[in-house]
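Line order of the protein sequences matches chains A and B. If you count by my numbering, then the first sequence holds residues 1 to 246, one letter each, in order. If you count by my numbering, then the second sequence holds residues 1 to 477, one letter each, in order.
Do not rely on the hints blindly, as some may be mistaken.
Between beta-carbon pairs, the in silico distance windows are [what the hints assert, rightly or not]: (1) B:Thr350 / A:Ala16: 38 to 46 Å; (2) B:Gly53 / A:Gln113: 51 to 59 Å; (3) A:Ala16 / B:Gly365: 48 to 56 Å; (4) B:Gln60 / A:Arg140: 51 to 59 Å; (5) B:Glu351 / A:Ser112: 23 to 31 Å; (6) A:Lys156 / B:Val333: 30 to 38 Å; (7) A:Pro36 / B:Leu112: 54 to 62 Å; (8) A:Lys156 / B:Val228: 51 to 59 Å; (9) A:Ser112 / B:Arg111: 49 to 57 Å; (10) A:Arg195 / B:Thr292: 44 to 52 Å; (11) A:Arg140 / B:Ala469: 32 to 40 Å; (12) B:Leu112 / A:Ala16: 52 to 60 Å; (13) B:Gln60 / A:Lys156: 55 to 63 Å; (14) A:Lys156 / B:Val399: 34 to 42 Å.
The hints are simulated quantities; they were obtained by calculation from the structure and are not laboratory data. Values in this document were obtained by computation on a predicted structure and should not be read as measured data. Cβ coordinates follow ideal geometry from the N, Cα and C atoms, glycine included.
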Amino acid sequence: MTLRTTALSVVLQHPALWRGSECASVNLPSLPTGSPALDALLPGGGWPRGALTELLPTCLGVGEMRLILPALQRLTQAGQWVVLIDPPHIPYAPALAAAGVRLARLAVVRPSQPPDSLWAAEQALRAGCCGAVVCWPITRDQRVLRRLQLAAEAGKSWGVLYRPAALVTCPSPAPLRIAITTVDRRIAVTILKRRGGSAPAPLYLSPDKPAPWPDGPPTVKAIDATPSPRSSPSADGRGAERNEQR
Amino acid sequence: MRWIALHLPALALEIFTRALAAPEPFVVSTGPAQRPLVYACNVAARGLGVRPGMTVAAAQALAGSLPVRPRDSHAEARCMKTLAGWAGQFTPSVSLVGQRGLLLEVSGSLRLFGGLDAIAQALQTGIRALGYSACVAAAPTPLGAWLLARAGQSLTVDDPEELAIRLAALPLALLEPSLHTLDTLQALGVRTLGDCVRLPRDGLARRFGQQVLDALDRALGKIPDPRVFVTPAVRFIARLELPTEVIETAAILFALRRLLTELEGFLRGRDAGVQQLCLDCTHGNGNSTEITIGLVTPARDAAQLLMLLRERINGTELPAPVRALVLRAKTPVPYRPYQHQLVADTSLETEHWERLLERLHARLGEQAVYGLATCPDHRPERAWQAVAIGTEAPPLCQVQPRPVFLLREPRPLGAANGLTLADQLRITDGPERLEGGWWDGHDIARDYYIAEGAKPARYWVFRDLRTNAWYLHGLFS
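The shape of chain A in the complex, shown without the other chains:
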């Protein structure tokens, strides 16, 4: 009997064996999300490059942008281009700059007609020069989304689609789909679909501590003249520091 269980555990450790309950560790090009807990849930350990990520917030203002801002900050600081296509409101430059996004690497596209925004998204994704393309498509047409997915694959760009939460049950060609809502002032991130694994339980991210910055947001440093000891780069320490300055 013991022999049998040992044999089973040995077999289960074989790297070629995958169990439905766990996420397959795949080697995909990805961008760190800035949250280790979220990274652990995503195949490839971050936002997938060369694919679409569909984010479905329950409503605008739920914290859906804060989820991707650390990645945008990392991309723009590395000199890569980020394109925002037809955002629902004015993307507010002071807030983006405060999040560490390098504005000189950001472009906003605001077409006068809705079909043009899908065209612009496809062009930007396919061009192969954009680190991230963020858009708010209003279409339900699967073929259009499929085109965007193929464009993202061709251009190796990270495509972010914001769609209303009503479309959670609609099928979508995006390989990563995440529903976002707020529970008790915490952002609840529910992975609806991911590569290499079934959907895990929701993850709760604290709203007031967006994500640990690699070396602190530049704006805070500019104000903070006294050199503060940055010995503990943990998320909690940083959050407390920010609260004090407020």
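Assemble the complex: chain A is given as a structure, and chain B must be docked to it using the hints.
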């Protein structure tokens, strides 16, 4: 000296048919308007039995509704000039010869292009891409090359002795002597240039004048044959007549490709690029639709320019069918091709990015694509501005939290909107007082708060201190 001659025998026809994607029958007429004759016809018309020299009425009886355009020698001359500009990419020494010929002195370009044969081949391919057909011949003398090309012999002759043998077989009529001279010589049994060379020189000069003798000597390189080279135009302007009026974008784009290829050759010759390009679509009623494109960096690649123009043409409503296309380039600017690096190639990405911006600009307009920058102003509406993409913003001095999305106009919170502060929103942070702005007429006095609503969202709201009204101004996404 190495000369390459290009002879375009079907120029009168091809200035029209080069705009045709499909081989439709087409005829160029000449002669009096009462009784026009077929001057030239394309292969498709020939297949229907049309032959040069027959009356247009007879041709139309054979081929049904046959598009006919009268011969336009002015347009032919213009096309030859444009062609000379295009040929400037191979050598600066381009000379027009006759009504439908070009002479290129290429001894300085041999090493760059890899030999005489390679240049002749490139010319042949290039001219076909422009929609013309040409006979290309190379020889040590300009007249020798021209005579070979006129005779339809696509040869590359390197050696003067070989040239003499080749020329000897050509008919005498190619030399274009006077009709009387030609008749007399042919009556004497002198039919080829070789026969003529074998005649005693002093007798030939005495009976027929010096011209025939001089022409023979020039062709064989015995006496000098100076040529006047074309001065390249300062700006590019080319016109393409469409054989029939078209409204389909595909047909216009096909014709446009010809013009853009010409432009590319012209710009290569000057080692330049363009940053602004203007296309006039002339309609049958004399009006024209103008389409202008601008580029981020100077460009000259025909495929790239065609892609940009296609976006613009697709977005433009043409009011009437198009009869002619006129392509005009503003003053050429120095062209700097992208240098690709072996390691860590960021230049490729920059190039792709600029191409993307051009495409977006071409289709959506210049205002639809912009960058963001912060502004040193405490008023929320003025703390940001739309700038040219890539503008580095000054460092930000901002410690207060700001929303990621700002509403274009503050939205009043009230019963009308279904959002009242008391029952829907709960203030979690604030106030932050923002006041001032009397100096430019946009004075504000507001207390800003962060609020949470029944929906799980965070809002940036303010109370106007003058009216005590509440407004929603941003979303903490």
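Going down the list of hints, with the structure as the test:
The hinted range of 38 to 46 Å is satisfied by Thr350 of chain B and Ala16 of chain A, whose Cβ atoms lie roughly 43 Å apart. Distance hint check: the CB atoms of Gly53 of chain B and Gln113 of chain A are about 56 Å apart, consistent with the given range 51 to 59 Å. Between Ala16 of chain A and Gly365 of chain B the Cβ separation comes to about 54 Å, which falls inside the hinted range of 48 to 56 Å. Here the CB-CB span from Gln60 of chain B to Arg140 of chain A is close to 55 Å, well matched to the stated 51 to 59 Å.
A C-beta distance of roughly 28 Å is found between Glu351 of chain B and Ser112 of chain A, which places it inside the suggested range of 23 to 31 Å. For Lys156 of chain A and Val333 of chain B, the Cβ-Cβ distance of about 33 Å falls inside the hinted range of 30 to 38 Å, so the restraint holds. Evaluation of the 54 to 62 Å hint for Pro36 of chain A and Leu112 of chain B yields a pass: the beta carbon distance comes to about 59 Å. Between Lys156 of chain A and Val228 of chain B the beta carbons are some 55 Å apart, a value that agrees with the proposed interval 51 to 59 Å.
In this structure the hint that Ser112 of chain A and Arg111 of chain B lie 49 to 57 Å apart at CB holds, the actual value being about 53 Å. About 46 Å separates the C-beta atoms of Arg195 of chain A and Thr292 of chain B, a value consistent with the hinted range of 44 to 52 Å. Between Arg140 of chain A and Ala469 of chain B the beta carbons are some 38 Å apart, a value that agrees with the proposed interval 32 to 40 Å. Between Leu112 of chain B and Ala16 of chain A the C-beta distance comes to about 58 Å, which sits within the given range of 52 to 60 Å.
Distance hint for Gln60 of chain B and Lys156 of chain A: a CB-CB separation of about 59 Å, consistent with the stated range 55 to 63 Å. For Lys156 of chain A and Val399 of chain B, the hinted distance range of 34 to 42 Å is satisfied, since their beta carbons lie about 37 Å from each other.
Taken one by one, the earlier hints all hold for this structure without exception.
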